[in-house]
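Student: Read left to right, the sequence shown gives residues 0 to 164 (numbering that gives the first Met the number 0).
Derived from the structure by calculation, the hints contain no laboratory data.
Treat the numbers as computed from the prediction; the structure is a model and nothing was measured.
Keep in mind that the hints are not guaranteed to be accurate.
Using 16 Å as the maximum straight-line C-alpha spacing, the simulated EDC-like pairs for lysine to aspartate or glutamate come out as follows [said to hold, decoys possible]:
#1 K100 - E79
#2 K139 - E120
#3 K100 - D52
#4 K75 - E106
#5 K124 - D135
#6 K75 - E58
#7 K124 - D141
#8 K83 - D24
#9 K153 - D135
#10 K100 - E58
#11 K75 - D108
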Amino acid sequence: MPSSLMLLFTAHEYLGRRSWCTAADGLLLLHCIDIMMAELQDTKGNSYLYREDLETGLEQCIYCLYGHPNKRTRAKHLQEHNAKQIPLTWERAVLIFQYFKPNILPEFDSYRTSTVSAELENLLKRISALVPPEEDPATKVDSYTAYIEGGTDKCPDPPFGNKTP
């Protein structure tokens, strides 16, 4: 693992001993999350060699900042730093969602191992509560339904505007 990443892990560990890891609105941990997510998404580098350490560090940062998962007993590698949590924002929720979302969307009759856990369900509910009104698909359901059923000739705007998801 590069020494720059080790420095971030060590800083978090030492600050966590005094419950200071979320001081200054969690700027250190927010920076750590940005760096670790970039490393995990890097397919050209050697991050696969220390992927497990990156995931452990990322989950520790998320636990300290936002308290996910709630039940620490499920994730034995998480340490309780008793740091003050910060509120989850929409911008940060997008990164958290990218990390925790299932690789394959579970179906109704999926095996139990590929289902969504109660912890993930709680996190997804927290994230869905943060969706800005202009991006919330629930606000556009009526216009889509009216167009599909022939109640209006005006085609509603696409859900992603001119952007592709």
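Student: Work down the list of hints and note, for each, if the structure agrees.
Tutor: Taking the hints in turn, this is what the structure says about them:
1. K100 - E79: Judged against 16 Å, a Cα distance of about 24 Å means the pair is violated.
2. K139 - E120: Distance of about 24 Å is beyond 16 Å: violated.
3. K100 - D52: 19 Å, violated
4. K75 - E106: 28 Å, violated
5. K124 - D135: Satisfied, since the Cα-Cα distance of roughly 14 Å is no more than 16 Å.
6. K75 - E58: 11 Å, holds
7. K124 - D141: 22 Å, violated
8. K83 - D24: Since the Cα atoms of K83 and D24 sit roughly 9 Å apart, the hinted pair holds (cutoff 16 Å).
9. K153 - D135: 20 Å, violated
10. K100 - E58: 13 Å, holds
11. K75 - D108: Measuring from Cα to Cα gives roughly 29 Å; hence the hint is violated.
Checked against the numbered hints given earlier, this structure breaks hints 1, 2, 3, 4, 7, 9, 11; the rest are met.
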